[in-house]
Amino acid sequence: IKDFSRDKIRVLAHLDASRLDLTRPLVHRKDGDFPAAWAKSYGKGRVFYSILGHDANDWDNPALSTMYFEAIRWALGLVDADASPSGSRRH
1 IKDFSRDKIR VLAHLDASRL DLTRPLVHRK DGDFPAAWAK SYGKGRVFYS
51 ILGHDANDWD NPALSTMYFE AIRWALGLVD ADASPSGSRR H
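Counted the way this note's numbering counts, the sequence shown spans residues 1 to 91.
Please keep in mind that the hints were generated in silico from the structure rather than gathered at the bench.
Just so it is clear, the structure is predicted and the values come from calculations on it, not from any experiment.
Check before you lean on any hint, since a few could be wrong.
Claimed, not checked - With a straight-line Cα cutoff of 30 Å, these simulated DSS-like cross-link-like pairs (lysine-lysine) come out:
id	residue 1	residue 2
1	30	8
2	40	8
3	40	30
4	44	8
Please model the entire structure based on the sequences and the hints provided.
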């Protein structure tokens, strides 16, 4: 995500920037803040986003399936969870 603000989203997971080459041309964020999963309220709706699960083998991990299942339940309004913005990054 090129342009995002923790003032607008609840970051649930992030990439370890110490393992990334921030000088690569396709890396747009130079602050080292890369959300891997986030949620937010949008009007009367709910939004969940994740970069995880692109590889078919990822789905063998029960934690990933559980994360998406619970995110869908939350987005449908079947369960409540804190989606308030995270605010500034915690190091």
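Hint check:
1. 30 <-> 8: holds, 19 Å
2. 40 <-> 8: holds, 7 Å
3. 40 <-> 30: Holds: residue 40 and residue 30 sit about 24 Å apart, inside 30 Å.
4. 44 <-> 8: holds, 15 Å
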